[in-house]
Every structure is written in structure tokens, then in C-alpha cells.
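Colleague: Residue numbers (the numbering used here), protein chains in the order written: chain A, 1 to 84; chain B, 1001 to 1144.
Any given hint might turn out to be false.
[Said to hold, decoys possible] Derived pair list, reagent style DSS-like, types lysine-lysine, alpha-carbon separation capped at 27 Å:
no. : chain 1 : residue 1 : chain 2 : residue 2
1   : B       : Lys1008   : A       : Lys25
2   : B       : Lys1068   : A       : Lys25
3   : B       : Lys1124   : A       : Lys25
4   : B       : Lys1058   : B       : Lys1116
5   : B       : Lys1008   : B       : Lys1116
[To be verified] Label-pair ranges, simulated between beta-carbon atoms:
no. : chain 1 : residue 1 : chain 2 : residue 2 : range
6   : A       : Thr26     : B       : Asp1129   : 35 to 41 Å
7   : B       : Pro1010   : A       : Asp28     : 39 to 45 Å
8   : B       : Asp1136   : A       : Gly36     : 19 to 25 Å
9   : A       : Pro49     : B       : Ser1015   : 25 to 31 Å
10  : A       : Asp28     : B       : Gly1083   : 18 to 24 Å
11  : B       : Glu1066   : A       : Asn71     : 22 to 28 Å
12  : B       : Ala1040   : A       : Asn4      : 18 to 24 Å
13  : A       : Trp65     : B       : Asp1113   : 25 to 31 Å
[What the hints assert, rightly or not] Computed footprint of chain A on chain B, listed as stretches where at least three residues anywhere in the stretch have a Cβ under 8 Å from a Cβ of chain A:
no. : stretch
14  : 1018-1031
15  : 1045-1053
Source of the hints: derived by calculation from the structure; they are not laboratory data.
Built from N, CA and C at the ideal position, the CB exists for glycine as well.
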Amino acid sequence: MNSNTVTVTTLFFSFAADRMNGRRKTFDLPRGTTLGDMVHQYLEPVLGPESRNWLYSVNEEWASWDTHLENGDEIAVIPPVSGG
Amino acid sequence: MDIYRITKEPIDVASALVAIGDDRAGAQALFLGTVRNEFAGRASRGLYYDAYEPLAEKELRRIGDELKQDFGALHVVLIHRIGELPLGEVSVLVAVSAGHRTEAFAAAREGIDRIKSRVPIWKKEHWDDGQDAWHDDPEAFSPK
């Protein structure tokens, strides 16, 4: 890793974890990558176009597409919830 | 007092009612969600619940704050159990105290509705025929 790269951890739940074959993955991203870029480039190809409509969090708080990802960030992919 | 918790342990209903006790309250409302033996007509033998625990507990606390703001709830307990739950087990508890029954019922109703729509918790159905399916998985629940 160099200063032009950030490493983030991504958590998956429910059927998203099944499709990613795991609950946790790390990604090395170019510095300046936004959450929206990351989802589009790395997750959508596996999780499908519906993943664009899901919610995401960064560092345990809901996050918007334009959030800039920093080294060490923890992203969570939140497919439609079904508690109760 | 208020309690907002994701837990792997059985939910203790009696201690939730103690927590919401208040001399200003004329009403306590309690909702329990339990594991049912079917979904959409298909026989089920139990549920597995998963959660993103830190964000789920934050969201439970936010819902509790809203129930106080919107309905005048005095105390709120919101607990969701995760892990493997057999039929009949309590999966979720909503307990609120309020001055009067109208506010208590409304807050409890809104509490469970907001949990179901917003809190990062997912359930997997263990069908009686041995298959499994996450709820809302478009592949598992799409019409054949």
C-alpha cells in the first residue's frame, strides 16, 4: 500500500454475505474514492443492480454516496432489513 | 429507565416491565414478536437472525428517542434477539410507559413498525422441508 491507496474493510450480512462468499472483505482503493464509486465498481458486479438502492454505513453510521473513503474505514452493506 | 439492546440470550419480559415503571405512567404497553410456524403458507421450523449490532443498537436508541418525542412515551425498552430461534420464542420486545393508554398503544405500535423498517437485522427462514431462505432475497423469494 502507498499514500495513493486506502485500505477499507467491508462487512456483508444476510444474502449479501452469501453472494460475496464471506462476511468481511478488504479492498485497496485509490485515494479519493467515494462510497458510491466503490459500490459501483466493486460490489454491484457481484451483488447486482439492486445493491444501488440499498443502505450503507461507514464507521457505524449511515453514509451517503459522496462520502470519501479513508484508510481504515469500515463499510457495512445493508440489504433490505427483515427484523421483527 | 430505557434499554436498547441486541442480544443472543432469551429476552426477559419481567425485567423490561420493571425498567419502564414510573409513577407518572397510567399505562404500559407491551408487544412481543414470536417465531411463527409458517411464512406465506409455507411450513417453517424456526428462524435465524443476524444483525449489524453496533448500528442496530444506535438505531434502536434513535427510535426510542422518537417515541418519547412523538408520543410522549416516558420510558422505552426495545430488545431484539439474534441467533437461532425455535418456534414460539420471543424474537423482539417493545415496552413503553406513558401517561395514558392512547399514547402507550400508539408508541408501542410505532416502535415495532420502525424496528421492522429501519434496524439492520435480517432473518433467515428454516423451512420445514430442510431448505433455508433469507427474507427479501430476490432470488429466494422470486416467483417460480
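Colleague: Run every hint past the structure and note whether it holds.
Modeller: Taking the hints in turn, this is what the structure says about them:
{"no.": "1", "hint": "Lys1008(B) <-> Lys25(A)", "result": "25 Å, holds"}
{"no.": "2", "hint": "Lys1068(B) <-> Lys25(A)", "result": "39 Å, violated"}
{"no.": "3", "hint": "Lys1124(B) <-> Lys25(A)", "result": "22 Å, holds"}
{"no.": "4", "hint": "Lys1058(B) <-> Lys1116(B)", "result": "15 Å, holds"}
{"no.": "5", "hint": "Lys1008(B) <-> Lys1116(B)", "result": "18 Å, holds"}
{"no.": "6", "hint": "Thr26(A) <-> Asp1129(B): 35 to 41 Å", "result": "38 Å, holds"}
{"no.": "7", "hint": "Pro1010(B) <-> Asp28(A): 39 to 45 Å", "result": "43 Å, holds"}
{"no.": "8", "hint": "Asp1136(B) <-> Gly36(A): 19 to 25 Å", "result": "22 Å, holds"}
{"no.": "9", "hint": "Pro49(A) <-> Ser1015(B): 25 to 31 Å", "result": "45 Å, violated"}
{"no.": "10", "hint": "Asp28(A) <-> Gly1083(B): 18 to 24 Å", "result": "34 Å, violated"}
{"no.": "11", "hint": "Glu1066(B) <-> Asn71(A): 22 to 28 Å", "result": "35 Å, violated"}
{"no.": "12", "hint": "Ala1040(B) <-> Asn4(A): 18 to 24 Å", "result": "50 Å, violated"}
{"no.": "13", "hint": "Trp65(A) <-> Asp1113(B): 25 to 31 Å", "result": "27 Å, holds"}
{"no.": "14", "hint": "1018-1031", "result": "violated (count 0)"}
{"no.": "15", "hint": "1045-1053", "result": "holds (count 4)"}
Hint compliance for this structure: hints 2, 9, 10, 11, 12 and 14 are not met, and every other hint is.
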